[in-house]
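Produce the entire structure from the sequences given, and follow the hints as far as they go.
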Amino acid sequence: MKNIVVIGGGIAGMEASAFLAAKGYSVDLIEKNDTLGGRLANWDRLFPTMRRGSEVTEFLAEGVMQEAVKVHLSADIVRVERHHDTFLLVTTQGNELHCDAILLATGYDLFDARRKEEYGYGIYDNVITSADLEQIFSSGRDILTQKGKKPSRVGFVHCVGSRDEKAGHTYCSKVCCVTGVKQAIEVKQQIPDAEIFNFYMDLRMYGMHFEALYKKAQEDFNVQFVRGRLSEAAENLDGSLALKVEDTLAGRPMKINVDLLVLLVGCTPSEGTRKMASLLGLKLGFNGFFKTTDQHTMTNYSDIPGVFFAGTCIGPNTITNAITDARAAATAIDIYLSGNQLANRKMKPHEEFWLYPSH
Amino acid sequence: MKNFGYTRHTDRQIDFDATDKRLYQFVFDLEPSINLCIFCGTCAATCSAGHFTTLSFRRISLLLRRGMNDIVKKEIENCMLCGKCQLVCPKGVNTRNVILQIVKGIEKYEL
Amino acid sequence: MLKEGKKYIWKDYQKEIADNHYYYARSCIRQNFFPGSEATFLRILKNELNKDIFDDPEHTTCTGIGYHSDIIPLETTMTVVARHFALMTAAGYKNLVPSCITSFGIYSEILETWHEFPETLEKTREHLFKATGREFNLPENVVHTSDIIFKFRDEIAARGRFRLIDQSTGQPLRIVEHIGCHYARMFPHKGIGGAEYPYVLAGMVESWGGEVIDYPERRHCCGFGFRQYLVQANRGYSLSCSRKKFESMEPYKPDMIITNCPGCPYFLDRWQYVIAEQEGKTYGENGQGIPVFTYEEVAGLVLGYDPWDLGLQVHQINVEPLLDKMGIPYNPDEKYAGPDGQDLGQPAELTCMHNL
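Chains as they are written, first to last, in the working numbering: chain A, 1 to 359; chain B, 1001 to 1111; chain C, 2001 to 2356.
Worth flagging that the hints you see were computed from the coordinates, not collected in a lab.
No experiment lies behind these values; they were computed from the predicted model shown.
Backbone N, C-alpha and C define an ideal beta-carbon position, used for all residues, glycine too.
Check the hints yourself; a few may be wrong.
Covered stretches of chain C (chain B as the covering partner; in silico rule of three or more C-beta atoms under 8 Å from a C-beta of chain B) [stated by the list, open to error]:
1) 2011-2022
2) 2177-2188
3) 2240-2249
4) 2302-2315
Below, the structure is given as C-alpha cells:
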C-alpha cells in the first residue's frame, strides 16, 4: 500500500486525506495545532448561508474518521529527505514517516493589522479585526466597546492588508468583501438600532449568492456602504474613533465617528508554507504563496514530482473552493501514484512574473 | 445681438473626443504610476489642503484623463506638497511627482 | 490607547544617527521666528554634550520655500544643495544636520532622486562645477537636528535641572507634540518612529518627564503650506488648519505644544493670537493661549537656561504659566531687555487674549 503524508489539518488537508484514504492509500495527516479544522475553527458563521462553521468542520471530520486517516496532532515536520520516488519526513515527536507523495495544505495566515499603522490596531482600544469579531460571535458574548458600552455605530474597513502596495500585499484576498457584508448583518442582528457603515474601494461580490447577501444587507439591514477608503482612524477622548475618509461619490472629505471599528484583514502566506518551502526546496510565487507548475492547468502540482498542493497555500480562497481543490488534489495524487500517463502531460512554461516589476 | 430672454445652455456632457489629453499623456509618460489610481479617495481623505479647498488628488487624477485641464490647473495650486497622499496611497502612485509633472506639462503646453 | 502598540511600531523605525562631527545647516526663517532656538542647539551640543559641530557662515538657504512655492525649479534646488555638500566636503565633514524640516526633506528627496536617477546627480555635478568650480561628496549621514536631541535626550535629562512636571501637583505636564510634514511623510523610514506615530518628540517628552497626549487631529498639518501663507489672501487657509488642531486638542487641556519644524511653532503660536482677536476664542487656561515651543527651547528649559536667553519673550503666547508650572525662576523685568540691558520694546496691548 502506498503512503501519503498530508501537511496541514485545515479544510483542504482534511478533505484530501479522506478522499485519498477512500481511494485505498495509507494517509498520515500532520497538524501543528491540537485539533483539526484549521482557521475554520475560528470562524463562527459562514457566508452566504449563515450556517455555523463548525457544521462544515464536523462534516470534514466525519470523512477523516470514517476513512481511518492517521492523524498526528500537535505535530510539525522538522526534516525531509527525498529518496528517488519516495520521501522521509520526521516529525517533532520523532516519528519517521516514509511516503510516496506529499500533499501540502499549509493554508494562510491573517494579515497583521498592526502593520496598517494609520488604522491604529493594537493602539486604539476600539479597533478590532474581523477575526476578533468572529471570536466574539463564537463566544456568545455581547459586542461591546472597551468601556462596556453597546456600540451605536460600527464601521467596517474593507481591504486591510489586501490590494495594498504599502502593506506589501498587492493581491485581493477574495473573502474579506463578503465577510464584511456578512459581519455587518450579524452586528445589525445583534444590535438592531446600531448604524453600520462599510468603507470600501471596490465590493467584489463574485461568488454565487454573494450579491444577494449584499442586497440583503442593504435592503433588510440598512447597512450603509461608503465608497471611499479610510486614510486614518484616531481616538477621541471618549474612546470612540474619528475616521477620515473621502466620500468619493460626494467628492468631499468626510469625518465620521464610530464606537467600534472592524478591520477586514486579508490573507497572507502562512508560516507553515514558508517552512515547508524551505524544507523541500520549493519555490514561492511573487506573492509568497506556493508557486504552482502551471497557472491554468496544474495548480495542484509543484515542481517536485510527488509533491502536491491543496487549498489556500496557493492563494486566498473560499471554503467551497478549498474543498473542491482538495478533492482535485486527491485525484491528481491518485493519477500520479497509479502511473497513469495523464500525470506526465506538459504545458509550455509561462512566466509567472511578467506581471510584476522585479523579483 | 438680440436678447430673446433666454440663452443656449452650456452642455454638461464631457465630449471625450474633443478634450485635450496631452497633459495626461505627458504626465503618464514621465510618471506611469498615475494610471495605477483606482479612485479610492484615501489621498483626498488625508489631504490637509482638501479640508479648506476643493483639492482632491483623486479628482485631479480623474479630471486629468478627461482632459479637464483648466480645473486641474486651478486645483493643484492648493497643493502644499506635504506628502500625506503619497504616504497613504494603497496603489503606490507617486502623487508628489504627478503634481510636479502636471506643473511642467502646463508650462510646456501653455495651458 | 495602548502604549505597547506604539512601541511595536516604533521598533520598526530606527535610524542611524551619527555620534559626533556635524555640519550644521541653518534654517532661513527660524532665526527670525524663534531666534534663540538655533543658538541653544549649538550651546547644548558644544557645552553640554562636547560635540564637534561646524556652523558654516557660507551656508545659504536650500531654496525649499521657493521650491515648494513653485518659484524655483528642482534642478536649481539640486545645484544649491550640491553647493552645501561641497561646503561640507571642503570643511571635512560627512554628517549633515539641517535645522529645518523642509531642508531635511529636500536633502532626503534629492539624495533619493540621485540614487534612483544617477544621471541627475551627474548633471548636478556638472552644473555646480560650471557655476562655482566646486566638487562634492555625498553626506554619509543626514539627520534632522531634532534627531540629534532625541539621540541625546537621556543625557540632557541627566544634566537637567527641571523636568516637564507640574510642581504644584507632581503630575507630568500634558504635552501636544507636532511634527513637520516633511520630517517623515515622504520617507517614513527616515523618521524616528515613522510617519503615523513619530517618536522623535514623544521620546524627548518621555525622557524629560512629560506625558504626550494623542488627539484626533494630531496628524493634521499646521497649514503653513508655503504658498498658502505667502499670499495674504490665502492665509485664512493656514489659519483654518491650525484652528482645526486647536479645537481638537482643547478638550485634552494641554499644558504646552512642542514642535520640530520652523513653520509649525510659528503658526501654532501666532494663529492663537489671531483667533483670539477674530473670534474672542482662547485655548489655554485663564484666557491665555497654549504655549508653543521648539524642542531646543524645551531642552534649554530642562537644562535650566534662562528663559529670556532662549528667546521665549518673542513668543506670541505668554510662556510664564508654563514656567511657573515647571518651577523655573525668571525675572519679569528682564523679559523685554536685550543682552546688554537695552529695552527691546513691549508688545501692544491685546484686546481679546488676556495679558498676564
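Status of each hint after checking the structure:
1. 2011-2022: violated (count 0)
2. 2177-2188: holds (count 5)
3. 2240-2249: With 3 residues closer than 8 Å to chain B, the region 2240-2249 of chain C meets the three-residue bar; holds.
4. 2302-2315: violated (count 0)
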